[in-house]
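K.L.:
Sequence:
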Amino acid sequence: MVLMRQEIGDVLRDFRLQKGRTLRQIAGEASVALGYLSEVERGQKEASSEILAAVADALDTPLSVIMGEVSERLAVVEGLTSPLSGRVPDTVPAELMTGYAPVLVS
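Numbering-wise (the working numbering), the sequence shown opens with residue 20 and increments by one.
In short, the hints are calculated from the structure, not lab data. Quick caveat, the model's predicted, so the values are computed rather than measured. Fair warning: there could be bad hints in the mix.
What the hints assert, rightly or not - With a Cα cut of at most 20 Å, we get these calculated DMTMM-like pairs of lysine to aspartate or glutamate:
1. 38 <-> 48
2. 38 <-> 26
3. 38 <-> 97
4. 64 <-> 29
Unchecked claim - The calculated label-pair distances, taken between Cβ atoms and stated as ranges, are:
5. 65 <-> 99: 18 to 26 Å
6. 65 <-> 96: 32 to 40 Å
7. 29 <-> 76: 13 to 21 Å
Note that the Cβ used here is the ideal one computed from N, Cα and C, for glycine as well.
Throw the hints in and build the complete structure from the sequences for me.
P.N.:
Here's what the structure looks like:
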């Protein structure tokens, strides 16, 4: 069984590491306890929408991009799509996609 909290935690960690940020930095900027954010990243705690929004802001990444990546990973696990098939719509400004791996559709 796939746990949404595990996928969310994995995605948050991946974005944080892609940006070269520490857990302490993101927790401080998001005003979230370091231990709690660590548990969220490890999939041990469910994060509220407010926490997710604060962490997304601290990562300088739109929450929709983070949740889109979660959705893509869940679809792969569920066998609904293959890895790397996800595309970002051309309506998403390029400056919001800094550090995001999928290819932009032109």
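K.L.:
Next step is simple, just say for each hint if it's right about the structure.
P.N.:
Hints versus structure:
1. Between residue 38 and residue 48 the alpha-carbon distance is near 14 Å, which keeps this suggested pair within the 20 Å criterion.
2. Distance hint between residue 38 and residue 26 is fulfilled; the C-alpha atoms sit about 18 Å from each other, no more than 20 Å.
3. For a cut-off of 20 Å, the pair hint linking residue 38 to residue 97 is broken: about 28 Å separates their Cα positions.
4. Simply put, residue 64 and residue 29 have alpha-carbon atoms about 12 Å apart, close enough for the 20 Å limit, and the pair holds.
5. Checked against the hint of 18 to 26 Å, the C-beta distance between residue 65 and residue 99 comes to roughly 23 Å, which is consistent with it.
6. Residue 65 and residue 96 have their C-beta atoms about 18 Å apart, which leaves the hinted 32 to 40 Å range violated.
7. Distance hint check: the CB atoms of residue 29 and residue 76 are about 19 Å apart, consistent with the given range 13 to 21 Å.
This entry does not satisfy hints 3, 6, going by the numbered hints stated previously.
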